[in-house]
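Visitor: With the hints as constraints, model all of the structure from the sequences given.
These protein sequences, in sequence, are chains A and B. In this text, residue positions in the first sequence follow my numbering: the first is 186, and each later residue adds one. In this text, residue positions in the second sequence follow my numbering: the first is 14, and each later residue adds one.
Please keep in mind that the hints were generated in silico from the structure rather than gathered at the bench. A few of these clues could be false.
As the list claims (entries may be wrong) - What follows is a set of in silico ranges between Cβ atoms, one per label pair, in the way DEER data are often shown:
hint, chain 1, residue 1, chain 2, residue 2, range
1, B, 214, A, 904, 20 to 28 Å
2, B, 38, A, 626, 54 to 62 Å
3, A, 618, B, 214, 42 to 50 Å
4, A, 731, B, 47, 24 to 32 Å
5, B, 85, A, 307, 51 to 59 Å
6, B, 40, A, 422, 39 to 47 Å
7, A, 305, B, 126, 41 to 49 Å
In this text the structure is predicted, and so the values were computed from the model without any measurement. For every residue, glycine included, the Cβ atom is placed at its ideal position computed from N, Cα and C.
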Amino acid sequence: MAADSGNSRIAGRFRLVTVSASSASLPTVDTVAAAAGDPGREQPWADLGLKADEYDRIREILGRRPTSSELAMYSVMWSEHCSYKSSKVHLKQFSEIPQETRAGKMLAGIGENAGVIDIGQGYAVTFKVESHNHPSYVEPYQGAATGVGGIVRDILAMGARPVAVMDPLRFGPLDAEDTHRVLPGIVAGVGGYGNCLGLPNIGGEAVFDSTYLGNPLVNALCVGVLRHEDLHLAKASGTGNKVILYGAKTGGDGIGGVSVLASETFDADGPAKRPSVQVGDPFMEKLLIECTLELFAAGLIAGIQDLGGAGLSCATSELASAGDGGMHVELDQVPLRDSTLAPEEILMSESQERMMAVVEPGDVEKFLAICAKWEVDAAIVGEVTDTGRLVIDWHGETVVDVPPRTVAHEGPTYQRPFARPDWQDDLQADVAEQLARPATGEELRDTLLRLVASPNLCDKSWITDQYDRYVRGNTVLSQPSDSGMVRVDEETNLGVALATDANGRFAKLDPYAGAQLALAESYRNVATGGATPLAVSDCLNFGSPEDPAVMWQFAEACRGLKDACLELGVPVTGGNVSLYNQTGETAILPTPVVAVLGVIDDVTRRTPSQFTGPAQRVYVLGETREELSGSAWADVVHGHLGGRPPRVDLAAEKALAALLAEGVGLLTSAHDLADGGLAQALAESTITSGIGAQVALDGDPFLALFSESAARALVTVELEDGARLVDLAGRHGVPITEIGVTGGDTLRVEGQFELPVAELGAAWTATLPAALGS
Amino acid sequence: MKIGVVTFPGTLDDVDAQRAVRIGGHEAVALWHGDHDLRGVDAVVLPGGFSYGDYLRCGAISRFSPVMVEVIEAAHKGMPVLGICNGFQILCESHLLPGALIRNDHRKFVCRDQRLRIENNRTAWTSAYEENAEITIVLKNGEGGFVADEPTLDRLEGEGRVVARYLEVNPNGSARDIAGITNERGNVVGLMPHPEHSVEELTGAGTDGVGFFTSFAVAAAEKVFA
Numbered sequence: 186m187a188a189d190s191g192n193s194r195i196a197g198r199f200r201l202v203t204v205s206a207s208s209a210s211l212p213t214v215d216t217v218a219a220a221a222g223d224p225g226r227e228q229p230w231a232d233l234g235l236k237a238d239e240y241d242r243i244r245e246i247l248g249r250r251p252t253s254s255e256l257a258m259y260s261v262m263w264s265e266h267c268s269y270k271s272s273k274v275h276l277k278q279f280s281e282i283p284q285e286t287r288a289g290k291m292l293a294g295i296g297e298n299a300g301v302i303d304i305g306q307g308y309a310v311t312f313k314v315e316s317h318n319h320p321s322y323v324e325p326y327q328g329a330a331t332g333v334g335g336i337v338r339d340i341l342a343m344g345a346r347p348v349a350v351m352d353p354l355r356f357g358p359l360d361a362e363d364t365h366r367v368l369p370g371i372v373a374g375v376g377g378y379g380n381c382l383g384l385p386n387i388g389g390e391a392v393f394d395s396t397y398l399g400n401p402l403v404n405a406l407c408v409g410v411l412r413h414e415d416l417h418l419a420k421a422s423g424t425g426n427k428v429i430l431y432g433a434k435t436g437g438d439g440i441g442g443v444s445v446l447a448s449e450t451f452d453a454d455g456p457a458k459r460p461s462v463q464v465g466d467p468f469m470e471k472l473l474i475e476c477t478l479e480l481f482a483a484g485l486i487a488g489i490q491d492l493g494g495a496g497l498s499c500a501t502s503e504l505a506s507a508g509d510g511g512m513h514v515e516l517d518q519v520p521l522r523d524s525t526l527a528p529e530e531i532l533m534s535e536s537q538e539r540m541m542a543v544v545e546p547g548d549v550e551k552f553l554a555i556c557a558k559w560e561v562d563a564a565i566v567g568e569v570t571d572t573g574r575l576v577i578d579w580h581g582e583t584v585v586d587v588p589p590r591t592v593a594h595e596g597p598t599y600q601r602p603f604a605r606p607d608w609q610d611d612l613q614a615d616v617a618e619q620l621a622r623p624a625t626g627e628e629l630r631d632t633l634l635r636l637v638a639s640p641n642l643c644d645k646s647w648i649t650d651q652y653d654r655y656v657r658g659n660t661v662l663s664q665p666s667d668s669g670m671v672r673v674d675e676e677t678n679l680g681v682a683l684a685t686d687a688n689g690r691f692a693k694l695d696p697y698a699g700a701q702l703a704l705a706e707s708y709r710n711v712a713t714g715g716a717t718p719l720a721v722s723d724c725l726n727f728g729s730p731e732d733p734a735v736m737w738q739f740a741e742a743c744r745g746l747k748d749a750c751l752e753l754g755v756p757v758t759g760g761n762v763s764l765y766n767q768t769g770e771t772a773i774l775p776t777p778v779v780a781v782l783g784v785i786d787d788v789t790r791r792t793p794s795q796f797t798g799p800a801q802r803v804y805v806l807g808e809t810r811e812e813l814s815g816s817a818w819a820d821v822v823h824g825h826l827g828g829r830p831p832r833v834d835l836a837a838e839k840a841l842a843a844l845l846a847e848g849v850g851l852l853t854s855a856h857d858l859a860d861g862g863l864a865q866a867l868a869e870s871t872i873t874s875g876i877g878a879q880v881a882l883d884g885d886p887f888l889a890l891f892s893e894s895a896a897r898a899l900v901t902v903e904l905e906d907g908a909r910l911v912d913l914a915g916r917h918g919v920p921i922t923e924i925g926v927t928g929g930d931t932l933r934v935e936g937q938f939e940l941p942v943a944e945l946g947a948a949w950t951a952t953l954p955a956a957l958g959s
Numbered sequence: 014m015k016i017g018v019v020t021f022p023g024t025l026d027d028v029d030a031q032r033a034v035r036i037g038g039h040e041a042v043a044l045w046h047g048d049h050d051l052r053g054v055d056a057v058v059l060p061g062g063f064s065y066g067d068y069l070r071c072g073a074i075s076r077f078s079p080v081m082v083e084v085i086e087a088a089h090k091g092m093p094v095l096g097i098c099n100g101f102q103i104l105c106e107s108h109l110l111p112g113a114l115i116r117n118d119h120r121k122f123v124c125r126d127q128r129l130r131i132e133n134n135r136t137a138w139t140s141a142y143e144e145n146a147e148i149t150i151v152l153k154n155g156e157g158g159f160v161a162d163e164p165t166l167d168r169l170e171g172e173g174r175v176v177a178r179y180l181e182v183n184p185n186g187s188a189r190d191i192a193g194i195t196n197e198r199g200n201v202v203g204l205m206p207h208p209e210h211s212v213e214e215l216t217g218a219g220t221d222g223v224g225f226f227t228s229f230a231v232a233a234a235e236k237v238f239a
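Guide: Pasting the structure below:
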């Protein structure tokens with residue numbers, strides 16, 4: 186982007202509201218009547234992020250120039266963030282995946298705030314992962330905090346009680362100065378908001394790579410639980426029903442957040458964009474959660490929508506276009522924190538902690554009484570009509586009169602050009618398999634110590650200890666386990682498991698395979714805990730869609746994900762796309778974060794990730810190949826990225842998951858093999874349990890330890906259960922190799938090296954505190 | 014026995030405290046911050062959370078809530094009251110306990126499995142423990158640093174009113190590693206760590222916290238706080 190674009194855009198916000206102001210009076214409101222009588226007025230559409238043809242299309246839809254309020258609405262709703270205009274031609278293919286899981290048909294699918302999945306016993310769960318990347322770079326604490334707040338409201342709007350959150354995070358190099366500004370703020374923001382809501386944070390990721398230095402990724406996942414009968418969808422039906430805005434008052438924060446921040450590349454020299462970042466109030470959100478759940482329980486909600494990106498512009502237009510098609514809003518009834526706000530600003534404001542409900546007239550009094558109990562402000566701001574128009578008045582004058590579908594659902598769609606970049610062949614030819622490898626036991630030992638202490642593989646307690654993982658008392662698994670798991674029903678012990686994964690290095694080498702590997706890893710992580718994977722939500726973080734190479738990465742990742750979901754039988758239930766993640770010309774590693782949700786009938790039978798006792802047999806499930814390209818070893822030891830990622834074998838993933846599910850009760854531990862290979866899995870299993878292991882590795886010990894072949898797991902069983910496991914593996918067609926036995930206080934690789942678990946643990950835990958302060 | 018669990022609008026660990034009360038063998042009774050009513054309970058738990066948001070000093074607003082008027086009066090008459098985390102902060106703000114809780118010395122929220130020593134097992138809430146029992150329970154707080162002036166600290170120590178002390182790691186900079194204290198009568202206990210999150214093997218840090226919810230029965234039987 187041009188170096189001055191940010192500057193003019195911020196300025197545009199002020200020009201928008203002062204354009205017709207006389208020097209001595211309040212700004213004149215631009216009404217529909219004025220627009221009809223003044224068709225040629227120059228408007229700041231470019232400053233608001235609209236393209237010339239988009240502005241022309243708005244004029245065509247309306248048959249006149251838009252009012253400044255209408256222009257504000259279209260600009261935010263047609264932004265990349267809200268309209269998915271560059272991505273939706275590729276996202277469409279996810280709807281080809283059957284909208285059902287092993288547990289039955291989806292109760293709500295893609296297109297709703299979040300997909301809803303039947304998990305049996307009358308329960309359903311809804312989950313979704315979203316990005317809040319750019320705000321978190323500008324203002325790390327508030328950006329991350331409001332990212333959590335936004336996804337929680339999405340889940341709440343489905344009628345579900347939010348029960349847990351997770352946060353996949355990406356940062357620049359750990360030793361970079363700006364990482365020390367960004368990371369502590371983001372972590373404190375995620376914790377500060379989530380902890381105050383009483384939602385356990387049960388996992389996530391923290392990954393470091395130089396491409397994220399000027400563009401960290403803050404993805405936030407929330408999962409909620411509801412009874413089947415409590416499902417609510419976002420729509421405004423029933424002419425005469427009242428539209429109630431409740432929650433926080435509307436202020437001037439976050440104005441234009443989606444168009445200014447989420448849909449534009451940062452420039453190193455650009456101005457500070459703090460005015461566009463929202464400010465969170467988690468206490469208000471906690472009230473909103475309890476108040477909304479009580480409103481649901483009392484049956485007072487006919488339709489509901491959370492206010493997130495694009496604020497009232499989004500809520501009014503989406504509710505109206507999903508319902509009977511009309512809504513009349515009196516904008517001057519919106520409770521304000523700042524009485525000087527103009528209608529355009531109120532429509533664009535992204536003030537947090539607000540919800541909009543559609544309520545039958547006879548229920549309004551009861552609705553307001555429950556809001557009063559929780560001391561939540563509520564105001565009747567309009568009603569549902571049958572006009573097919575969204576009409577918004579400001580002190581008696583009409584400032585918006587539009588067909589709501591044109592705002593919410595019929596925004597522009599782009600067929601962005603995409604092309605495999607010419608550097609891709611060279612990148613793939615530069616394989617890591619030809620790099621110098623450790624040759625002696627001593628060198629293997631040093632390599633292991635170096636890898637476990639590397640930022641991407643080290644202990645993340647510095648981060649996760651700032652999150653409450655226990656609140657609500659249902660957390661069965663959390664970091665550093667492979668997946669997070671929460672109990673849903675205290676009587677039956679029904680539960681759900683969640684994992685999020687993405688390996689941007691693999692995706693850079695091959696975005697099609699990279700997206701599939703992200704899904705495979707997440708699927709496998711859910712399976713290692715003993716849960717059955719059911720469904721997917723994704724957060725697709727990529728660079729600028731205006732770069733054909735990035736667009737190709739995006740298209741390939743979508744195609745890969747769809748193909749893999751089809752083969753694994755898991756639907757994409759919803760998600761989020763974040764584009765323009767780049768600094769200048771340099772895009773981030775393509776980062777398709779894939780979240781998989783699984784169900785487990787009895788959480789008391791979950792399989793732990795760490796070793797659970799001495800004298801147990803240790804096995805590797807799956808096949809280990811010579812696959813070093815894109816590996817943690819190539820990165821840490823050689824600073825190398827090239828070659829092709831590990832082979833994707835979805836049939837093998839499926840077989841492994843089936844084995845792990847059937848092995849519940851037989852397996853005493855199960856740990857996914859991924860970044861860092863078997864070496865990392867052995868290190869984590871021993872460090873977190875304090876139980877050592879003696880292993881003997883056939884063939885090349887380096888490959889056995891550090892190759893990152895997919896579809897593998899490290900598992901243990903009691904001594905007498907070896908034959909049962911071998912038989913189980915045989916029945917599922919999963920290759921199995923017995924490598925040793927647990928016990929002692931060292932990790933010994935026969936003929937190579939022996940390392941005290943305490944020394945391994947010290948290396949693993951020291952990295953983040955040393956870099957970030959304890 | 015009926016044990017009340019107070020819910021302020023920003024209370025978070027009330028469901029956990031109620032579960033712990035039931036696991037301890039008692040009936041949990043929900044109490045609402047806005048009511049001047051203790052509903053006939055025999056004891057009260059003030060659970061963790063952010064009562065009214067705690068943007069001011071933690072617990073500074075809660076002490077004026079209708080339910081606290083009743084709790085304070087009942088505590089003065091000898092009713093057992095346990096304040097956990099935010100509840101501890103509220104008890105200090107209410108002057109039922111001395112001292113105050115300030116921001117952790119390292120300025121970060123901390124969630125960990127914390128080793129403690131129960132130094133006073135003569136309170137209404139700790140009589141189920143052996144004296145100097147060492148336990149591990151969940152700790153999670155942002156403003157858990159216990160402070161008081163030196164004479165007050167000396168008095169707490171001298172009168173055996175330090176109920177629990179941090180072992181191995183002082184997680185928040187608390188003076189003299191103090192994790193929990195009691196009043197002179199032993200009926201009011203404030204504790205920064207969370208015993209209610211350590212009552213089930215499945216979900217917390219072991220079950221060492223159960224004693225806080227069974228002590229009441231032990232104490233009642235032995236008339237410790239009569």
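Visitor: Each of the hints needs a verdict: does it hold here or not?
Guide: Verification of the hints:
Taking the beta carbon of each, residue 214 of chain B and residue 904 of chain A are about 24 Å apart, inside 20 to 28 Å as hinted. Remark: the range hint 54 to 62 Å for residue 38 of chain B to residue 626 of chain A is upheld by a beta-carbon distance near 57 Å. Between residue 618 of chain A and residue 214 of chain B the CB atoms are about 46 Å apart, so this pair conforms to the stated range of 42 to 50 Å. Look at residue 731 of chain A against residue 47 of chain B: about 55 Å separates their beta carbons, and that is not inside 24 to 32 Å.
Separation of residue 85 of chain B from residue 307 of chain A is about 43 Å and departs from the stated range, judged on CB atoms against 51 to 59 Å. Between residue 40 of chain B and residue 422 of chain A the C-beta distance comes to about 44 Å, which sits within the given range of 39 to 47 Å. Evaluation of the 41 to 49 Å hint for residue 305 of chain A and residue 126 of chain B yields a failure: the beta carbon distance comes to about 32 Å.
Hints 4, 5 and 7 from the earlier list are contradicted by this structure; the remaining hints agree with it.
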